[in-house]
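J.: Now for the letters of each chain:
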Amino acid sequence: MFGVSGGFLLTPILMMIGIPPTLAAASDSCQVVAGSASGTAAHLRLGNVDVKLGTVLLLGGLSGGWIGVHLIKSLRALGVADLTITVTYVVMLGMVGAFMFIESLGSLRRGAVGPKPQPSPSGHGFLSRLPFQTDFPRSQVRHSVLLPFFLAGLVGILAAVMGVGGGFIMVPMMIYLLGMPMHVAVGTDLFQILFTCAGVTYMQATTNHTVDLVLALLLGAGSTIGAQAGARAGRRLHSNQIKILLASVMLVVMVKMAGGLLLRPAIHLTPVQGH
Amino acid sequence: MTALSLWAAAAGTPPPGVKVTPDVVRMGAFYGGATVRVEGARDADATIIVAVRGPTVTEVFNHDGRAGFLWVNTAKVTISEVPSLWLVFSSERVGACLPRAVIDQYGLDQAALKKQMRIQCQACDQGQIAEEYLNYKAMQGSYRRASGDFRKVAASAAGVSDPSFRFEFEFPRCATPGEYQVRVLECRGGEVSASLEVPLRVVEVGFPSFISGMASRHASFYGMLSVLVALLAGLGIDFLAAQLFKRREAANLKSR
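Line order of the protein sequences matches chains A and C. Quick note: the first sequence uses numbering that gives the first Met the number 0, first residue 0, plus one each step. Quick note: the second sequence uses numbering that gives the first Met the number 0, first residue 0, plus one each step.
Source of the hints: derived by calculation from the structure; they are not laboratory data. Nothing here was measured: the structure is a model prediction, and the numbers come from that model. Treat the hints loosely; a few may be bogus.
Listed next, with one range per pair, are the computed distances between beta-carbon atoms [claimed, not checked]:
#1 C:F206 <-> A:V254: 37 to 45 Å
#2 A:T54 <-> C:D22: 53 to 61 Å
#3 A:M202 <-> C:R187: 52 to 60 Å
Note that the Cβ used here is the ideal one computed from N, Cα and C, for glycine as well.
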């Protein structure tokens with residue numbers, strides 16, 4: 000329904016019930032493949048996937064992810080990686096969540112009807128003068144290919160730094176910066192998540208041997224059914240209502256993470272992932 | 000000679016007077032812990048201690064500390080010379096029946112474990128880290144200590160001379176496959192009058208065993224298989240959902 004993989008919620012929950020962090024993260028990305036495949040297929044039938052723009056976003060996201068992985072390596076060497084990750088999480092979730100919540104609530108109060116695409120930001124000015132201007136008919140926008148590639152690259156960097164799929168940043172970015180309709184943003188995000196998580200699952204399986212296929216299938220069974228129901232429920236909701244729901248989830252997670260930063264932890268030791 | 004010393008005489012084979020059931024814990028797809036029974040003979044005035052120990056491991060942690068008003072990871076901590084699993088059960092309080100030196104020798108309480116563990120970290124309070132580690136393992140269910148609950152049973156039930164004991168404990172679900180040791184100590188007069196170890200194997204069986212074997216031996220194939228299976232599962236459920244919703248929509252149209 001939201002176009003996010005849910006990794007930013009599910010991995011901590013798995014860790015809370017006693018699954019080792021490495022296993023939780025890797026198995027989660029495997030189950031996201033199942034969930035996003037199911038969600039993408041459902042959205043494809045509903046005409047909500049912009050394959051052309053999704054491919055550009057995917058390439059940008061992968062490039063940004065590569066940069067992010069090396070950035071986090073440098074931050075770890077400096078000993079500030081964990082602080083950077085947590086603070087980035089809180090700031091990004093807080094900013095994007097609060098903006099989306101306020102903006103959508105305002106639109107609902109003003110009585111906006113039906114999903115309304117945001118005006119394309121590249122209609123005039125600097126962005127319209129960028130090379131490789133392309134029409135993305137499914138998303139009803141015209142942009143230089145460089146814009147979504149660059150923006151997805153930034154999200155990829157953030158996603159790699161934060162260790163998540165990045166859907167919760169990507170969807171708001173698609174809506175507010177690329178001007179895509181909410182439903183198409185959700186479907187297109189699931190499309191690119193499918194490929195990203197398939198790559199991550201393969202790498203985790205070959206490098207760390209931490210993919211638990213049985214656990215992933217059990218989780219995947221739940222998430223695929225949820226994705227189907229979500230894709231259909233999303234059609235019945237106003238796009239502003241979906242945005243408010245997503246923003247609420249983001250703000251709850253942000254508050255929980257901010258609490259983790261400010262409140263004294265019960266246990267001061269956290270197992271190191273990948274060990 | 001005590002009952003346990005008689006068992007100890009038969010080194011290398013399961014002692015005739017003590018029985019650990021099952022001797023192999025099998026972790027299948029739906030493994031959620033197992034009940035392990037230890038039974039045997041003891042002298043009337045003896046205290047029995049059952050200590051279960053997993054393989055010795057090294058673990059790496061991030062340690063949280065304060066940076067200004069924020070709690071963040073401030074150091075990397077490596078803890079070694081610790082058992083992956085540590086369970087101690089006794090018919091009386093361990094501290095009441097054995098002196099400190101003996102408790103340390105057999106690693107029968109948290110203080111003994113603290114003395115055995117090696118902690119590597121820069122500028123950290125090792126005592127606090129050790130305490131934190133024990134709390135972490137206790138919360139995880141891997142470290143546990145309890146007194147009492149050693150039931151006396153009829154001689155015929157245990158198959159050994161009177162008086163006998165039987166004790167059952169829950170082998171935790173968080174345990175990993177490996178070679179574990181169940182040590183049974185008979186204590187009297189402030190010393191260990193007999194001690195013996197019975198191995199307890201924990202193995203993966205069935206589908207989990209097949210999967211973990213493939214994951215380590217054919218990692219690349221396993222990676223591709225994981226993606227493919229997840230993809231097919233997702234598309235399969237999408238297909239089923241599409242059929243289901245199509246039928247519902249058709250039924251709705253008919254009813255109109």
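J.: Compare the structure with each hint and give your call.
T.: Comparing the hints with the structure gives:
1. C:F206 <-> A:V254: 37 to 45 Å: Holds: the Cβ-Cβ distance is about 40 Å, inside 37 to 45 Å.
2. A:T54 <-> C:D22: 53 to 61 Å: With a Cβ separation near 57 Å, T54 of chain A and D22 of chain C satisfy 53 to 61 Å, so the hint holds.
3. A:M202 <-> C:R187: 52 to 60 Å: 58 Å, holds
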